[in-house]
Amino acid sequence: MKKMWLSVVVAVAFAAVVAGSALGEEINAYMGLSPENNKKVVDLVREKTGIQINQTFQSFGEIEAKVKSEAPNFNADMVTGCGSPLAFMAKKNGWTVPFVSAGWKGISDVYADPEGHWFNIANFSFVLVGNKDNLKKKGLKMPTSWKDLLDPKWKGDIVMPSPLSSGTANMMRFSFLALYGDTEGWKFLEALDKNIHHYTRSGNAPTDLVGRGEFTLGITSDENVKARIDKGYPLIWSIPKEGTGYDGTFAFILKGTKKLDTAKKVIFFLGSQEMSSLLSGIGYMTPRPAPNALYGKTTPKYIKIDLAKAAEDRPKNNDLWKSKFRTDFK
Amino acid sequence: MATAGDMTHTGSSTAIAGVKDFFNKNLVKILAFSLFLLLALFLLYPIVAVLLKSLKGPEGWTLKYYTVFFTKSYYFQSLYNTLILGLINTFICLVFGFCLAYMATRGPWWLRKPLKIVSLIPLVAPPYLFALSLIILFGRNGFCTKLFGMDWEIYGFDGVAISQCLAFIPLAFMMIENTLQSLNPNLEESAYDMGASEATIIRTITIPLLTPGLLKAALLIFVMTIAEFGNAAILGGRTPFLAPDTYTMITGESDFEMGSVLSVVLIAPCIIIFFIHNYLLEGKKFTTIGGKPVASEPRRITPAIMVPFTLVTLISCGAIALSFLVVLLASFVNILGVDNSLVLTNYFDFTTNYAIYNSIRVSFIAALIGAAIGVLLAYVIVRGNFFGRTFLEMVSLSGFALPGTVLGIGYLLAFSAPPLKLTGTLMILALNCVFRFIAVGVEAGISKLHQINIEIEEASADLGASFLTTFWRIVLPIMFPAFVAGFIYTFMTAIVSLSAVVFLVSPGFDLAAVKIFDAAVYGEIGIASAVTVKLVLIVMLCMATLHYITKKTQTGVAQKGVF
Amino acid sequence: MEKAQKPVMLVLKDIHKFYGENEVLKGVSLEIPKGQLVTFVGPSGCGKTTLLRIVGGFTDATTGDIILDGRRVNDLPPNMRDTRICFQNYALFPHMTVSDNIAYGLKIAKWNKERIRTRVDELLKLVELSGFGDRMIDRLSGGQQQRVALARALAIEPKVLLLDEPLSNLDANLRLTMREEIRKLQERLQLTTVFVTHDQFEAMAISDRLVVLKNGLIEQVGTPIEIYDRPANEFVAGFVGYVNFLKAKVENVDREKRTARMSTEIVCSLEINMAQDVQTGEEVLLVVRPESVNLSISGNGCRPNCCKGVLKSYMYAGSIAKCTVEIGDKKMIIDQYNPREAERFHPGAEVDVEIPRNVHILKR
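Residue numbers (my numbering), protein chains in the order written: chain F, 1 to 330; chain X, 1001 to 1563; chain Z, 2001 to 2364.
It should be emphasised that the hints constitute simulated quantities derived from the structure, not laboratory data.
Note that the coordinates shown come from a computational prediction; the quantities given were computed from them, not determined experimentally.
All residues carry an ideal CB built from backbone N, CA and C; glycine is no exception.
It is possible that some hints are incorrect.
[To be verified] Using 20 Å as the maximum straight-line C-alpha spacing, the simulated EDC-like pairs for lysine to aspartate or glutamate come out as follows: (1) K1072(X) with E25(F); (2) K324(F) with D306(F); (3) K231(F) with D1349(X).
[Unchecked claim] Derived Cβ-Cβ restraints for the label pairs, each shown as a range: (4) E2187(Z) with R1383(X): 48 to 54 Å; (5) F99(F) with N1026(X): 40 to 46 Å; (6) E26(F) with N1353(X): 31 to 37 Å; (7) E25(F) with L1537(X): 33 to 39 Å.
Let's have the full structure, built from the sequences with the hints guiding it.
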């Protein structure tokens, strides 16, 4: 009997110990770059400002769902990486704390909202990746035009993310629609669908899947292609001649935060040259120019995009996408 | 009750005594009521929240979301796939689980121990571990695919079905083994004695008597299969299933209304099966006169049974062991399938360690609370005598029939606004686990209580002990094993389960299961494998410690000599 | 000994059984004649149930032969052996009716429906349960369940019926009735039966012969009378009833009268009939059953074999009085049947204790 209670006491004590936690200047943020890039940003911020950003990796879509479901009582103090739909929605619904940050002085409107509602810390694009080994084995060459992907020889050998779950894929979709126009764009997507093996949940997943040779081609986020090549994956990447689309990685302060000053400090630092250099080094296009890991000093060719329209059209396009691509099964 | 003697007391002291008396007399009822409030708040309310959300548009009450669901073939296809997957899985898991359990309880001694060990490991590993190992082995660039030049498409229904089966066979095994063990071996021996062959015994005695256990296992596996979305999300390819669809609907499209509809659709078959299960069990609770417990001796099993059963056993245990081995190996490989050099870098990814630490914290707290509430619930259900007792029992056992995804969304909807704002805290994760898995603790408690005679308690009360003393001194020690069972189950399940908590993790509070899932869908097999291995090792360590403590305390309880 | 003339039904030859390192049967040999009821009796852990299970085929003997009706059956599984077992817990199939339980073995044996029905009715009548055929098992009392189990085992008459503690789940009164019923049934059907029990009185009452087991070895085989009156050793003597052991030494032997005079630890010297031969000077143990001793309040003059003692306790229970008497520093338990003048027996009273001449002598 004594032993039994002893064990209960031990258990309770253990629970008490594990329940307690950390210290210092902290801030909670939703952050959706990628697990490893999130970590790099968090480390740099801590190193330079002493602020600890608590984050959990979530995709742009997940962050959007979270923020929407929590409004107007947010669990986080700020967002430090989300897609354009949420940024424009947040601005429209008044979920942000607008302020003009000195740290973002001299940065173009593409990257910082003139009214200070949002700050775009990094533009990202999508690229075509191929597996060198698979291409060689099959005696195939990297396509040079997006239309080349429609060739039946790629049937079942291409992966791309699903726009239902991935912000990157949403970007791909609105980019192709912008490139070809709505009608032709959907025709292109339908023809492409015939060759797509499946749509991945995460925007980065095709990089790894193609890198490991599961599939030969992938349309994927450009953000960690460089890192994978450096790590030794037999990857080759290109931007077909029509160009690529882009979306931003937005940061803003959520209304109701109790840590406004800390949040402002973080925003200030996100506009710094150091942060731009870090993100450029990963492969993003950044507010302040810096040598880019993926693109070097050249700027890739961009498709012309209206982000606000893209955000507005998304629900409609999702429905259309589901009814087109979710009914046939291979 | 004031007797003539009491009348001499002053009025106020009688009043106090009266209040005290009232409390003493109604303690069980008060306890039951508070427990019911807890269940209502943390189990029923979230479900109702999901239901309400699915019925409420911006303009008020509406059925339009349901109309959308049933008129769009892509949702319907999803539902169809899910149900078929559930049925196939349940069937295979039951058959395999039965063979394994039969061999483990009736088979030769040398088979019993290894069988147990192999089949119990998956209980401490996340179910989607099998999706990882399938990709590693049979992916398009997988080990076996390359070695044998195979052309087998695992991304799709087959892959999901296989990984789900491997993930849930152990659960089926565990549940069926439990009932098989409690089956009096003399029953089968009697049939054997009367000339029945092994197959006849299984058909006419074993299976009919196992029906309640089999039904229960079927229910649990069906619910878990259709709710578990890790495997489906990783391996599903283009085949849609409800659980991952619900997840995408909420987190990808942030469409809560449709997400709720999908949840309600997901929960409907579970609830139906739960009621069928309860109905079928009516009057099927066989009681037999207990004798001295006889260990089931290994029989000379006829080849007609021995060969297929051993085959099934070897195949499933082999597949499970192989899956673990593969994941273990993969955790040391630099880039799987590309650069197969052995490295340790996957283990030095320390961002995941904090998540593992969190997982342990959450599961531990959940297990502690869950086991305690479970035992109390069991007590009031068995010993209480109040209006709504059966209802209370049904609610607390309904956890078996609730898909995790639904309860995750329910919690997100129910507890994200004041005054019940819990999102973003450790407690929401812990409470979610508590109430999802409460049924196990309750059930263990109920069966334990049925074993003790009420006379022991009455004797104690007779000796002048108050209700509280009786409960504290007599009931709790007896129910301690049930507490431990509830604790262990909640702890193990909570630490590896994904389907509910994935909706509830917040910045700065990640869980290991979610980390593994993210790494896996992200394509980082090495990291995913390494975290899995770490998690499995830590969970096993925790279980061993727990086992040690239980064993020590258990002897303490036994020495009390209640019986 | 005319019963031993009957043909032998079951022979056990040097049965050994190991569970790992643990030897639970250490060489048991036994012959059971046809039609006899033989009881395995002994304290728990003596191996009696294991032996029964070996006969039934549920447990394999490590070495040794089991010969049933002239045929070695070691390698036959239970479903091929002509033995039927009734388990302690009856092991009735709870998902079947009484009739279905009884008919189970008949269906396995592929009897046709009509024949099965007739046989089941016959059996129900035999165990006095006519009309109970459609009941479910859990609607029966313990005694009724016991009868169903018997009927089920007898459905196809076995060569040997095995009963594993069949009465231990019944209350005391029912146990007596059922014991008689089983015995009557067994005698009527001339069934060779092995009965296992730990209850020595039950064993004595029901058996033709007893097999007393201890630690995996047979201590004695014999009729109830032999076991009780002429136990082979101290263990058997003590196991089948209370016994006062008196250490004694043979002083001289009278071969003609076949008596021996002995000095004992209770001081007084006794004259004892010699059932077996003893030598002068030999040390022996006298087996004195409590009910064989004559107790009276000390009067004048002492009869032979009479010692003086002091009554320590006297528990009067109508037909019997249980007494404790101290003779010197030796305590003896004495049962007085049909006690007379009970008022005179009070603790402290001086009593005469008369040891009968025909007590059993055990060699030391």
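Results for each hint:
no.: 1; hint: K1072(X) with E25(F); result: violated, 50 Å
no.: 2; hint: K324(F) with D306(F); result: violated, 24 Å
no.: 3; hint: K231(F) with D1349(X); result: holds, 15 Å
no.: 4; hint: E2187(Z) with R1383(X): 48 to 54 Å; result: holds, 50 Å
no.: 5; hint: F99(F) with N1026(X): 40 to 46 Å; result: violated, 59 Å
no.: 6; hint: E26(F) with N1353(X): 31 to 37 Å; result: violated, 18 Å
no.: 7; hint: E25(F) with L1537(X): 33 to 39 Å; result: holds, 35 Å
Hint compliance for this structure: hints 1, 2, 5, 6 are broken, all remaining hints hold.
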